[in-house]
Amino acid sequence: MKWGKYVLAVAIVFVVYSAVGYVVHEQLLKQDYQGIASILRPVEQFNIWLVMLSNLLFALAFTFIFVKGIEQKPWLGQGVRFGLAVALLTVAAENLIDYAVHPIPQSLMWKSIIYESLGVMITGVAAAATYRA
Amino acid sequence: MLNWKKYLIASIVVFVVYTAAGYLIHEVLLAGAYRQEEVVRLLRPEAEIWKRMPLGYFANLVLALVFCYIYTHGVEAGKQWLGQGVRYGLLLATLVSVPTALLQYMLYPLPLVLAFQWIIYGYGQMLIAGIVVAAIYRLPTGLPRP
Numbered sequence: 761m762k763w764g765k766y767v768l769a770v771a772i773v774f775v776v777y778s779a780v781g782y783v784v785h786e787q788l789l790k791q792d793y794q795g796i797a798s799i800l801r802p803v804e805q806f807n808i809w810l811v812m813l814s815n816l817l818f819a820l821a822f823t824f825i826f827v828k829g830i831e832q833k834p835w836l837g838q839g840v841r842f843g844l845a846v847a848l849l850t851v852a853a854e855n856l857i858d859y860a861v862h863p864i865p866q867s868l869m870w871k872s873i874i875y876e877s878l879g880v881m882i883t884g885v886a887a888a889a890t891y892r893a
Numbered sequence: 080m081l082n083w084k085k086y087l088i089a090s091i092v093v094f095v096v097y098t099a100a101g102y103l104i105h106e107v108l109l110a111g112a113y114r115q116e117e118v119v120r121l122l123r124p125e126a127e128i129w130k131r132m133p134l135g136y137f138a139n140l141v142l143a144l145v146f147c148y149i150y151t152h153g154v155e156a157g158k159q160w161l162g163q164g165v166r167y168g169l170l171l172a173t174l175v176s177v178p179t180a181l182l183q184y185m186l187y188p189l190p191l192v193l194a195f196q197w198i199i200y201g202y203g204q205m206l207i208a209g210i211v212v213a214a215i216y217r218l219p220t221g222l223p224r225p
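Residue numbers (the numbering used here), protein chains in the order written: chain A, 761 to 893; chain B, 80 to 225.
I should point out that these hints are in silico values taken from the structure, not numbers from a laboratory. Among the clues, some could well be false.
Pairs of lysine-lysine, BS3-like flavour, derived with a Cα cap of 25 Å [said to hold, decoys possible]:
#1 A:Lys762 / A:Lys833
#2 A:Lys762 / B:Lys158
#3 B:Lys158 / B:Lys84
#4 B:Lys130 / A:Lys871
#5 A:Lys765 / A:Lys833
#6 B:Lys130 / A:Lys828
#7 B:Lys158 / B:Lys85
#8 A:Lys765 / A:Lys828
#9 A:Lys828 / A:Lys762
#10 A:Lys828 / B:Lys158
#11 A:Lys790 / A:Lys871
#12 A:Lys828 / B:Lys85
Please read all numbers here as calculations on a predicted model, not as lab measurements.
Using the sequences provided together with the hints, build the complete structure.
Structure representation (structure tokens):
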């Protein structure tokens with residue numbers, strides 16, 4: 761493990777994952793969230809540091825697993841495949857259970873799965889691009 | 080090259096163990112926490128949740144298949160399987176269980192103690208799943224990684 765490169769990749773993954781998370785949750789799904797506002801935490805209680813902590817832990821683990829499984833194959837394909845695998849592991853499972861347990865509309869579940877999965881795949885490409893050199 | 084037979088057996092066993100651990104966590108250990116008024120109002124009625132439970136099983140099946148697939152790509156020959164399983168379980172809990180618990184707490188007005196319980200139990204659940212996949216998908220010592 762080249763630690764310098766790992767730290768750089770973690771930083772990039774963290775930034776990209778946070779940015780796509782912002783686009784997905786604050787832009788694309790904002791209107792859908794207004795429809796279930798009665799069961800959501802009020803905006804004034806929103807804790808950005810908790811999101812940052814969550815995204816940092818995700819970036820540390822995401823990058824570490826990616827590095828452990830790198831193969832002598834084209835970097836773009838590896839990034840997309842790894843992003844898709846992690847999306848199935850995290851996004852799909854989390855949103856299916858979220859829909860089963862919380863009174864949220866099915867359309868929100870599907871949108872969340874599609875948008876968040878694309879976000880994780882973009883994150884995978886970012887990790888792969890950092891490690892291609 | 081992937082050993083498909085071992086992979087499929089590992090996926091099925093991880094699915095069963097992970098689902099059983101999930102039942103223990105959510106239906107036994109946290110049953111009281113889910114009956115609190117502040118939590119109940121955020122959930123579907125119990126009958127509706129059970130009606131949608133096949134989605135939960137499907138989610139666990141997808142998780143088990145991917146969990147084991149990623150392990151097979153990173154498992155190293157010549158290292159102890161138990162250590163690899165423990166490390167993998169802890170890593171996957173950091174990737175899956177911790178962010179999920181933190182984001183659920185941030186999104187819904189749930190008690191903080193419940194989020195911490197999800198994190199602790201999530202580590203336990205992933206640790207067991209990691210040990211299971213490592214015990215089944217062992218590589219012969221001294222051979223190169225597939």
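We went through each hint and held it up to the structure:
1. Our distance criterion of 25 Å between C-alpha atoms is met by lysine 762 of chain A and lysine 833 of chain A, whose separation comes to about 19 Å.
2. The hinted pair formed by lysine 762 of chain A and lysine 158 of chain B meets the criterion: a straight-line CA distance of about 20 Å does not exceed 25 Å.
3. The straight-line distance between the Cα atoms of lysine 158 of chain B and lysine 84 of chain B is roughly 21 Å, inside the 25 Å bound, and the hint therefore holds.
4. At most 25 Å may separate the alpha-carbon atoms for a hinted pair to count; lysine 130 of chain B and lysine 871 of chain A meet this at roughly 22 Å.
5. Annotation: proposed proximity of lysine 765 of chain A to lysine 833 of chain A holds, straight-line Cα distance about 19 Å (limit 25 Å).
6. With a C-alpha separation of about 40 Å, the suggested pair lysine 130 of chain B and lysine 828 of chain A falls outside the 25 Å cut-off, and the hint is violated.
7. Taking the CA atoms of lysine 158 of chain B and lysine 85 of chain B, the gap is about 18 Å. The hint holds against a cut of 25 Å.
8. Restraint check for lysine 765 of chain A and lysine 828 of chain A: the C-alpha separation of about 13 Å stays at or below 25 Å, so the hint holds.
9. Of the pairs offered as hints, the one joining lysine 828 of chain A and lysine 762 of chain A holds, with about 11 Å between alpha carbons and a cut-off of 25 Å not exceeded.
10. This hinted pair checks out: lysine 828 of chain A and lysine 158 of chain B have alpha carbons roughly 14 Å apart, not beyond 25 Å.
11. For the suggested pair lysine 790 of chain A and lysine 871 of chain A, the alpha carbons sit about 11 Å apart, so the restraint of at most 25 Å is met.
12. A hinted pair counts as satisfied when its Cα atoms are at most 25 Å apart, and lysine 828 of chain A with lysine 85 of chain B qualifies at roughly 20 Å.
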